[in-house]
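Student: Given next are the chains, with one letter for each unit.
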Amino acid sequence: MPILSAMASLKVTLVGMLLLSVGSMLTYGGDTGVTVWVLIVPMLLLALNLMCAIATSRKINGQPGLLVFHLSLLALVIVIAVGRLAHLDAQIEIVVGQSFDGSHLVDLQQGPWHTGDLSEITFLQGPYSVSYEPGVQRGATASRIGLLDKNSGFEKEIVVGDDTPLIFGDYRLYTSFNKGYAVILEWLPKEGGSYSGSVNMPSFPLNDYRQKNEWTPPGSDTTVKFWLRLDTGYDEEDYWVLSMDNSSGVLVMTVDDLRVELQEGESLQFDDGLLKYKELTMWMGYTIFYDPTLRWLFFISTFGVLGLGWHLWSRADRLLGQNFESDTKGGVN
Amino acid sequence: MTLAAELPWLWGSLFALALATGAAIWGMLPRYSYDGALTEASSNARFESFVLWSLLLSIVLMTIAMGVRWDRIGHGPFVSLFELLMSQIWSLSIFYIVIYWRAPSLRGTSVIIFPALWVLGSWVLILDPTASFYPATYYNNWKWAHVLFGKVFLGAALFGVGLAGIILLRQTRAAKLFSKMPSSAVLDHIAWRFMMLALIFDSLMLIAGAVWAQDAWGRYWQWDELETSSFLNWLYLGAIIHLRMTYRMPLQVGAWLVIGVFVFAFLTYFGAPYFSPSAHKGVV
Ligand code: HEM
Numbered sequence: 621m622p623i624l625s626a627m628a629s630l631k632v633t634l635v636g637m638l639l640l641s642v643g644s645m646l647t648y649g650g651d652t653g654v655t656v657w658v659l660i661v662p663m664l665l666l667a668l669n670l671m672c673a674i675a676t677s678r679k680i681n682g683q684p685g686l687l688v689f690h691l692s693l694l695a696l697v698i699v700i701a702v703g704r705l706a707h708l709d710a711q712i713e714i715v716v717g718q719s720f721d722g723s724h725l726v727d728l729q730q731g732p733w734h735t736g737d738l739s740e741i742t743f744l745q746g747p748y749s750v751s752y753e754p755g756v757q758r759g760a761t762a763s764r765i766g767l768l769d770k771n772s773g774f775e776k777e778i779v780v781g782d783d784t785p786l787i788f789g790d791y792r793l794y795t796s797f798n799k800g801y802a803v804i805l806e807w808l809p810k811e812g813g814s815y816s817g818s819v820n821m822p823s824f825p826l827n828d829y830r831q832k833n834e835w836t837p838p839g840s841d842t843t844v845k846f847w848l849r850l851d852t853g854y855d856e857e858d859y860w861v862l863s864m865d866n867s868s869g870v871l872v873m874t875v876d877d878l879r880v881e882l883q884e885g886e887s888l889q890f891d892d893g894l895l896k897y898k899e900l901t902m903w904m905g906y907t908i909f910y911d912p913t914l915r916w917l918f919f920i921s922t923f924g925v926l927g928l929g930w931h932l933w934s935r936a937d938r939l940l941g942q943n944f945e946s947d948t949k950g951g952v953n
Numbered sequence: 046m047t048l049a050a051e052l053p054w055l056w057g058s059l060f061a062l063a064l065a066t067g068a069a070i071w072g073m074l075p076r077y078s079y080d081g082a083l084t085e086a087s088s089n090a091r092f093e094s095f096v097l098w099s100l101l102l103s104i105v106l107m108t109i110a111m112g113v114r115w116d117r118i119g120h121g122p123f124v125s126l127f128e129l130l131m132s133q134i135w136s137l138s139i140f141y142i143v144i145y146w147r148a149p150s151l152r153g154t155s156v157i158i159f160p161a162l163w164v165l166g167s168w169v170l171i172l173d174p175t176a177s178f179y180p181a182t183y184y185n186n187w188k189w190a191h192v193l194f195g196k197v198f199l200g201a202a203l204f205g206v207g208l209a210g211i212i213l214l215r216q217t218r219a220a221k222l223f224s225k226m227p228s229s230a231v232l233d234h235i236a237w238r239f240m241m242l243a244l245i246f247d248s249l250m251l252i253a254g255a256v257w258a259q260d261a262w263g264r265y266w267q268w269d270e271l272e273t274s275s276f277l278n279w280l281y282l283g284a285i286i287h288l289r290m291t292y293r294m295p296l297q298v299g300a301w302l303v304i305g306v307f308v309f310a311f312l313t314y315f316g317a318p319y320f321s322p323s324a325h326k327g328v329v
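Line order of the protein sequences matches chains A and B.
Read in order, the letters of the first sequence correspond to residues 621 to 953 in this note's numbering.
Read in order, the letters of the second sequence correspond to residues 46 to 329 in this note's numbering.
Be careful, since some hints might not be right.
Computed spacing ranges between beta-carbons, pair by pair [said to hold, decoys possible]: (1) A:926 <-> B:120: 27 to 37 Å; (2) B:312 <-> A:623: 48 to 58 Å; (3) B:89 <-> A:625: 35 to 45 Å; (4) A:866 <-> B:175: 21 to 31 Å; (5) A:923 <-> B:184: 22 to 32 Å; (6) B:108 <-> A:631: 40 to 50 Å; (7) B:175 <-> A:654: 51 to 61 Å; (8) B:48 <-> A:733: 24 to 34 Å; (9) B:220 <-> A:926: 35 to 45 Å; (10) B:48 <-> A:757: 50 to 60 Å; (11) A:834 <-> B:48: 22 to 32 Å; (12) B:294 <-> A:675: 19 to 29 Å; (13) A:926 <-> B:184: 24 to 34 Å.
To be clear, the hints were calculated from the coordinates, so they are not data collected in a lab.
Just so you know, even glycine gets a beta-carbon here, dropped at the ideal spot from N, CA and C.
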């Protein structure tokens, strides 16, 4: 069939590769706003081209190693596409002592086929530490995690951080550079009841000088501005560990013209209630990644390379040796 | 420049490489008898074994230099440009010495390979050897696979440069220096076999790198400068292999395409980190 063989042409391959390289140059830098079609179109063209070539060319379908390699390229394109359709990427900040709550995800991006169940993720955030070397160079992060059993509660403690993610099925949670301090507050309105909550301060030590946030207690119309004056032993020029063990903080509250400094345990009376600064604690930011195709990507690509290796091996005349002239009389290839 | 403990060994290694380079070129030069006729370079064998031994010495000294540095700063040569270049000279030399030793008829490639190693060597000399910071994510074991595959890839690409260089030099007046080597068609054939080997190890390097990136940064691919550049490098390799199958091309054109692989890889590893030093280190 003329169309089939035209589509199988290696010239189409070259065009497809050229387009793919242009597409990846445009995509360079990650979230650049360039449509992903600059990658999808060349990949589709290459995939079609490859399928036609496999159907028509003895050169490719008659050489098993080569065939395995090209089939794995084809499979990779498909699996990557499935992965993108099913993926989930998000961030979450979890306060020490609290458990994971999937409704608090931010920067959430997910593919239309995402069928994962976030309720698989059940854990309690424990204390953590991050070591720094002089020059604010971030070293190891050790985040203690209490794994929870759905029925019986606490199950066991593990430590994650950096390249050791917290894994629940196909969900992987990675500690991130984004972490910092939080204050636990209690609001006791005049009309009774009590509300407890936490206010996360901006990422530390990135925003060392801007430990500010604001909050409006439930049912109140007063907005309280907070500034956390920290004592952490933080020294840019020295080794330092970010941890609760060497941290304390005074909470400076500003309401209109009133400015009050509270130590942990102290409270401030408002017209409509009492606000208590219960304690200083920390929060850890996690990057959540879900892609059920990861292991497939690994196996397919490895298998493909093995195929190419086999192809080279099976055609390897003596690569290194002395009789090249006689070995390759037949031609260049 | 601070005087670091590894420097004397590094200088020693580069000195030995200089001896190897000198001997390799000297050994290739034509010899004339008193009556002006070109004679057989009868001393070639002696020169070649001198080259072999001084290259080996250079590798041994570089190994010591890297070991001393490792001991001094507490981590392997994976971070600063100074240590990355040392480590590349070391592995490229090892890749090449095996070929030099096992394939005597291809020893002429040394007059191309050694000067290329010198580009790296003289670069190392102007860099600062101060201790580098070792990011937490570099403790990951996939780093070893990634680095090892990358080294084989670059080794194969550099050897391609050696073969392609001879093909190109044969177009010049220097042609007679290489009269004892296999024909250009044969060199071309071997060079493209090495390109296939390079593609295999480049692919393995990308796979291991992606696994590492997944562990280290929570994503296997994100089009950062190194990732984009190394993907283009991989695609370039695939494309030129297909280009050569699709069109009949003069050997010289093929030779330039082969040289392009190494140049591309060189710019990827030693150029991209200049655009964004933090991209592959995960600082803050
Ligand atoms: C996208 C990345 C691709 C890479 C990296 C790649 C790589 C390779 C390699 C290394 C060879 C072996 C060359 C040799 O035996 O000398 C080869 C052969 C071949 N490729 Fe690809 N390929 C790719 C895509 C494609 C596509 C899309 C097609 C579709 C037409 C294709 C068709 C062929 C054919 C027909 C051969 C056999 C040629 C022969 O043995 O003479 N390849 N490819």
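Student: Output the numbers, in ascending order, of every earlier hint that fails for this structure.
Tutor: 2, 3, 7, 8, 10, 11
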